[in-house]
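Same order as they appear, the protein sequences are chains A and R. Position 242, counted from 1, in the first sequence is what numbering that gives the first Met the number 0 calls 241; the numbers after and before it change by one each time, with no gaps. Position 90, counted from 1, in the second sequence is what numbering that gives the first Met the number 0 calls 89; the numbers after and before it change by one each time, with no gaps.
For the record, the hints were derived by calculation from the structure and aren't laboratory data. Model, not experiment: these values are computed from the prediction. Idealized CB from N, CA, C, for every residue including glycine. Any given hint could turn out to be false.
Derived DSS-like pairs: lysine-lysine, alpha-carbon spacing no greater than 30 Å straight-line [stated by the list, open to error]:
1) A:Lys5 with R:Lys38
2) A:Lys94 with R:Lys38
3) R:Lys38 with A:Lys267
If you want the footprint, here are the derived chain A segments under chain R, 3+ residues with CB under 8 Å [said to hold, decoys possible]:
4) 72-78
5) 234-245
Residue strings, one per chain:
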Amino acid sequence: MQIDLKTITITPLRQTFGHLARRMGADKPASRYMEATMDLQPVENFHFRPTWEPQFEIFDASRTQIVMKDWYALKDPRQYYYGAWTLARGRMQEKAEGDFDLVDELGLAATYPEEGRDLALSVFLPLRHVAWASNINKGYVSAYGYGIAISQAACYASMDQLGVAQYVTRLAMAFNEIDALAIAKEAWLQGPAWQELRHFAEDLMVEKDWFALLVAQDFVIEGLLYPLIYENFNEALNRKYGPVFSMLTRFQREWYAETAKWMDSVLKVAAAESPENKALLAGWIKSSRERAIKALAPIARLAFGDAADSMLDDAIDQLNTRAAKAGITV
Amino acid sequence: MAANAFIAFQKNEESRCIVEAIVEDNPEAIVSDQPAMVKVDVPGRLTIKRSTVEEKMGRAFDLQELQLHLITISGHLDETDDEFTLTWNA
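Construct the entire structure; sequences and hints are all you get.
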């Protein structure tokens, strides 16, 4: 008896969902990111307006002054949908945990020079409150932003900041300095060096325009703070005392390098949409940059002493370069 | 006329991004979808650029990762950190 093996090709009737095929202009397989993002938010047939703001629909594009023809143009270049994001963060967390374990195992925290430890903790620990403010503010962007493209990425960034706050807290625990957390909170609430930044972060909590809020919080505050503290201040500590803090703030540096790509791409697309958008963005960046510089100057002085001005200028240059790359003159 | 340089991958989420990158960088590319496999032919020269694949995938990509999905290739191979090129001498 002879058996012939034959292969039959079955072509699927559709390669993807209809709304994605219409978006891509062709019926071809779409990425998971596209499937988990595009056109998922309801846009019509809303029955009830929010009782707290009846002038808006539940999802309302006019909650920001930025105008986009297609809100799904604000895509995330990292292509994060929930699954991809958790996997990426899981990997980052594994590495960060490894560093915490190593520092613990080798007793690196205990042998760190006391002078350096006190300086570093006085700069790093109050940042957990900054991260928490960022969590709240990005939560607002996620809640009131228009279109899943921006609101899901903002939601991930919001949760990331909660993680950052926890890692900053872990810093104090790694150094066995639980009291330092209470001292840092006191510094955040009362210390003269932190009041400008606290004032700015708290003002942002009542900012109504979610896009302006995103620009101020993510692009400007974090765009200055992370290079200044998590990069330059760490380098200064490394040179003088040793690399322990660099190891224990690894998550923050990796997060910033990655999230900056998303923010830059959002700004670039929004600015390219219309001259009006570009002018709005430039205005927001300029005004919040001015406030952020004023807010960060005393913290830079705390961290760098005499070198504060040049370090802050370096961070400002980086921010301006990013804005210029996004096509925004500031 | 030079022969086709070609490359074939197992069909999956990652190789789909690689194929999209090839099509973007090689306008003459002919993609043939087969069961569980996708083959791309380009007359003379086929180039895979790391930067384009990274853009499609949304993450950092090492060109050697494509070996994980590779079934076969045809052409002389020139491989650098940034480009993976298959050619036939004309």
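Here's how the hints hold up against the structure:
no.	hint	result
1	A:Lys5 with R:Lys38	20 Å, holds
2	A:Lys94 with R:Lys38	37 Å, violated
3	R:Lys38 with A:Lys267	35 Å, violated
4	72-78	holds (count 4)
5	234-245	violated (count 0)
Hints 2, 3, 5, counting from the list given before, are not met by this structure.
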